[in-house]
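Number of protein chains: 2
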Amino acid sequence: MGVLNKRIAVLAGDGIGPEVCQEAVRVLKAVSEKFGHEFTFDRQPMGACAIEATGDPLPDQTLEACYLADAILLGAIGDPKYDNNPAAKVRPEQGLLKLRKSLGLYANIRPVTAYEVLLPYSPLKDARIAGADMLFFRELTGGIYFGEKGRIADSAYDHCTYSRFEIARIAHLAFKAAQNRRGKLTLVDKANVLETSRLWREVVQEISPSYPDVAVDYLFVDNAAMQLILNPKQFDVILTENMFGDILSDEASVIAGSLGLLPSASVGETAALFEPIHGSYPQAKGKNIANPIAMILSAAMMLEHFGLQQEADLVRRSVQVALDKKIVTQDLTPPTLAYSTEQVGAFIAYCVLGGA
Amino acid sequence: MGVLNKRIAVLAGDGIGPEVCQEAVRVLKAVSEKFGHEFTFDRQPMGACAIEATGDPLPDQTLEACYLADAILLGAIGDPKYDNNPAAKVRPEQGLLKLRKSLGLYANIRPVTAYEVLLPYSPLKDARIAGADMLFFRELTGGIYFGEKGRIADSAYDHCTYSRFEIARIAHLAFKAAQNRRGKLTLVDKANVLETSRLWREVVQEISPSYPDVAVDYLFVDNAAMQLILNPKQFDVILTENMFGDILSDEASVIAGSLGLLPSASVGETAALFEPIHGSYPQAKGKNIANPIAMILSAAMMLEHFGLQQEADLVRRSVQVALDKKIVTQDLTPPTLAYSTEQVGAFIAYCVLGGA
Ligand SMILES: [Mg+2]
Ligand SMILES: [Mg+2]
Numbered sequence: 027m028g029v030l031n032k033r034i035a036v037l038a039g040d041g042i043g044p045e046v047c048q049e050a051v052r053v054l055k056a057v058s059e060k061f062g063h064e065f066t067f068d069r070q071p072m073g074a075c076a077i078e079a080t081g082d083p084l085p086d087q088t089l090e091a092c093y094l095a096d097a098i099l100l101g102a103i104g105d106p107k108y109d110n111n112p113a114a115k116v117r118p119e120q121g122l123l124k125l126r127k128s129l130g131l132y133a134n135i136r137p138v139t140a141y142e143v144l145l146p147y148s149p150l151k152d153a154r155i156a157g158a159d160m161l162f163f164r165e166l167t168g169g170i171y172f173g174e175k176g177r178i179a180d181s182a183y184d185h186c187t188y189s190r191f192e193i194a195r196i197a198h199l200a201f202k203a204a205q206n207r208r209g210k211l212t213l214v215d216k217a218n219v220l221e222t223s224r225l226w227r228e229v230v231q232e233i234s235p236s237y238p239d240v241a242v243d244y245l246f247v248d249n250a251a252m253q254l255i256l257n258p259k260q261f262d263v264i265l266t267e268n269m270f271g272d273i274l275s276d277e278a279s280v281i282a283g284s285l286g287l288l289p290s291a292s293v294g295e296t297a298a299l300f301e302p303i304h305g306s307y308p309q310a311k312g313k314n315i316a317n318p319i320a321m322i323l324s325a326a327m328m329l330e331h332f333g334l335q336q337e338a339d340l341v342r343r344s345v346q347v348a349l350d351k352k353i354v355t356q357d358l359t360p361p362t363l364a365y366s367t368e369q370v371g372a373f374i375a376y377c378v379l380g381g382a
Numbered sequence: 027m028g029v030l031n032k033r034i035a036v037l038a039g040d041g042i043g044p045e046v047c048q049e050a051v052r053v054l055k056a057v058s059e060k061f062g063h064e065f066t067f068d069r070q071p072m073g074a075c076a077i078e079a080t081g082d083p084l085p086d087q088t089l090e091a092c093y094l095a096d097a098i099l100l101g102a103i104g105d106p107k108y109d110n111n112p113a114a115k116v117r118p119e120q121g122l123l124k125l126r127k128s129l130g131l132y133a134n135i136r137p138v139t140a141y142e143v144l145l146p147y148s149p150l151k152d153a154r155i156a157g158a159d160m161l162f163f164r165e166l167t168g169g170i171y172f173g174e175k176g177r178i179a180d181s182a183y184d185h186c187t188y189s190r191f192e193i194a195r196i197a198h199l200a201f202k203a204a205q206n207r208r209g210k211l212t213l214v215d216k217a218n219v220l221e222t223s224r225l226w227r228e229v230v231q232e233i234s235p236s237y238p239d240v241a242v243d244y245l246f247v248d249n250a251a252m253q254l255i256l257n258p259k260q261f262d263v264i265l266t267e268n269m270f271g272d273i274l275s276d277e278a279s280v281i282a283g284s285l286g287l288l289p290s291a292s293v294g295e296t297a298a299l300f301e302p303i304h305g306s307y308p309q310a311k312g313k314n315i316a317n318p319i320a321m322i323l324s325a326a327m328m329l330e331h332f333g334l335q336q337e338a339d340l341v342r343r344s345v346q347v348a349l350d351k352k353i354v355t356q357d358l359t360p361p362t363l364a365y366s367t368e369q370v371g372a373f374i375a376y377c378v379l380g381g382a
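Heads up: the protein sequence lines correspond to chains H and X, in order. In this text, residue positions in the first sequence follow my numbering: the first is 27, and each later residue adds one. In this text, residue positions in the second sequence follow my numbering: the first is 27, and each later residue adds one.
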């Protein structure tokens, strides 16, 4: 891969978002310095900070910058001021929902990795969780969350719908990812009960012969909820519909021991957004104590999305060095031994440049 | 409570069902001997054994016996012969589904208790799971599993519907149970997205003032999937709709360390069925090694349902004595120290009679 020129929209957002975004940008600058790529960063407001400034959680100018960008880096969105006010008409989260919809981000991709240093923080016993490494593909724009809903007399309803097209496009992404990993794909559904699940199974079965190097298995969602705890190591790529993915990827995220290390990507036909799975953590805002690693690993997913596999691997190895050397924030070590957000980011950037 | 006369339909079923049922009946006979109750046991075929005998997994005669009974004790249903044969027209599980439907069993009730002796078997670290004790109320006859479903062109659909009546009747059961426990009820829903969830929340909020001694809180289903692992001790009674209950009660069941200890009840307006949550475990059939405790604790739930609180408590205490003295089957102890199914049942019956 030659030298690239990429435009990156940076939506730092609220709470600790700006602090962790700054460290991701620092690491990306180290990557561009080392490999000669040209990254342009276009900083734009979204969320509570955008409401303050413009009254709109997703101003037109921000949305336009996202359309123009090759990828979007998002920090975190949300402020307690809005959470605790049920009368608030405009909410920071609306900006993110509108952004996902406007960009057609139909696949949410979430790795869950059991880092050695995190084992003491996992709620699972070490032997269960050590070595787990899975990758969720959650459909993000269909299913019951986006179906017709309403009231009739004394009843309420929600409709779940999936088309072959919606299933096939994310299934292909998941199969391709499995080819680059351990060659296993697990479809999670409830095909013994739901018609939409039977369609998911049909489409995956039809696509499967095109990926002969990927072994496919099927798990009912209730069993999957058990297996994630009983034996998380059995999973490689997990493919599932929107609501099941919401529940299971959140369940899986806590078994790794820290939300502060887990990145995510949301991709569409022409756009891609990268963000940590943690929230805006307003209590830590401005204190220089937030863990920037999930954000930095989100930037690594972005590099991979650009086809920069070597660069992505280097960022991940640099993160691993920081973890191994315990150059980590106070969520992962006693306060007296903890480093600041900036120090952790600077160390990882230093490693990227060949320093460690 | 005086002396009672109760007719109990016993559907021992398949695999280890008959063996564990025999021990539950043994314990119930000890209870009737000690307290002077008259229990009549009406044994009827259901499941694979009923298909062998009559071609029907739920013969009319069995269904009739269930209508006549004050309660139903069910062992386990299922045989690999049918699981591995997709062409099989009649399946053992159909008998159970038809029975639940015929009897209108709308509430599935499942306790999850972290027994001290099971801590080494739990996938969670001891400090997380020790002391956890929760009770699920899962709606069992509504929601997306029973909604209209089908195909239109290249799409599939499943409809989720709930009425106020369906929600209110199980909510009242859950509130009453919370009054007799630690006075906390958690409604799990996805009210930020689903209209049916908003109706659940409305109905629970309307009912709540009638139970001023019960504190109610609300949790989104994805967060609940995390909290069950992060801090299971926070839960007392958990109330939820059919599909969320399917996923979360299965997730919760594995954190306790053994499915062999978990009972359940399914109740309707006029009928009640008690069964262990484990399956028919065909590999262990006839070997006298199956753990009978989940079945015996299901019988204890039945006693409680009859209003026999003292009797139910005695059975539970007797089970605790067996666990404490390690008079348990080989799933909970090294094989050389293990007792047989019959020995465990006999010891618990002996305790009930005042022997230990
Ligand atoms: Mg979620
Ligand atoms: Mg289930």
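Warning: the hint list may mix true and false statements.
Because identical chains share one entry, a pair is satisfied inside a single copy or across any pair of copies.
[As the list claims (entries may be wrong)] Derived DSS-like pairs: lysine-lysine, alpha-carbon spacing no greater than 30 Å straight-line:
no. : residue 1 : residue 2
1   : LYS32     : LYS115
2   : LYS313    : LYS127
3   : LYS351    : LYS32
4   : LYS55     : LYS210
5   : LYS32     : LYS202
6   : LYS124    : LYS107
7   : LYS124    : LYS351
8   : LYS352    : LYS124
9   : LYS60     : LYS151
Honestly, the hints are just simulated from the structure, not real lab data.
Hint check results:
For a Cα distance limit of 30 Å, the shortest separation of LYS32 from LYS115 qualifies neither inside one copy, at 36 Å, nor across copies, at 58 Å. Proximity of LYS313 to LYS127 under the C-alpha cut-off of 30 Å is found in neither arrangement, the shortest distances being 33 Å within a copy and 58 Å between copies. Taking the shortest Cα distances, LYS351 and LYS32 never come within 30 Å of each other, neither inside one copy (32 Å) nor across copies (68 Å). For the homomeric pair LYS55 and LYS210, neither the shortest alpha-carbon distance inside one copy (35 Å) nor that between copies (52 Å) is at most 30 Å.
Taking the closest pair of Cα atoms, LYS32 and LYS202 come within 30 Å of each other only inside a single copy of the chain (24 Å); across copies the shortest separation is 61 Å, beyond that limit. Taking the shortest Cα distances, LYS124 and LYS107 sit within 30 Å of each other inside one copy (20 Å), while across copies they are farther apart (51 Å). Taking CA atoms no more than 30 Å apart as the test, LYS124 paired with LYS351 passes in neither setting, with 41 Å inside one copy and 60 Å between copies. Proximity of LYS352 and LYS124 under a CA criterion of 30 Å is satisfied in neither setting, with 39 Å inside one chain copy and 58 Å between copies.
Taking the shortest alpha-carbon separations for LYS60 and LYS151, neither the intra-copy value of 40 Å nor the inter-copy value of 43 Å comes in at or below 30 Å.
Consistency note: the structure conflicts with the earlier hints numbered 1, 2, 3, 4, 7, 8, 9.
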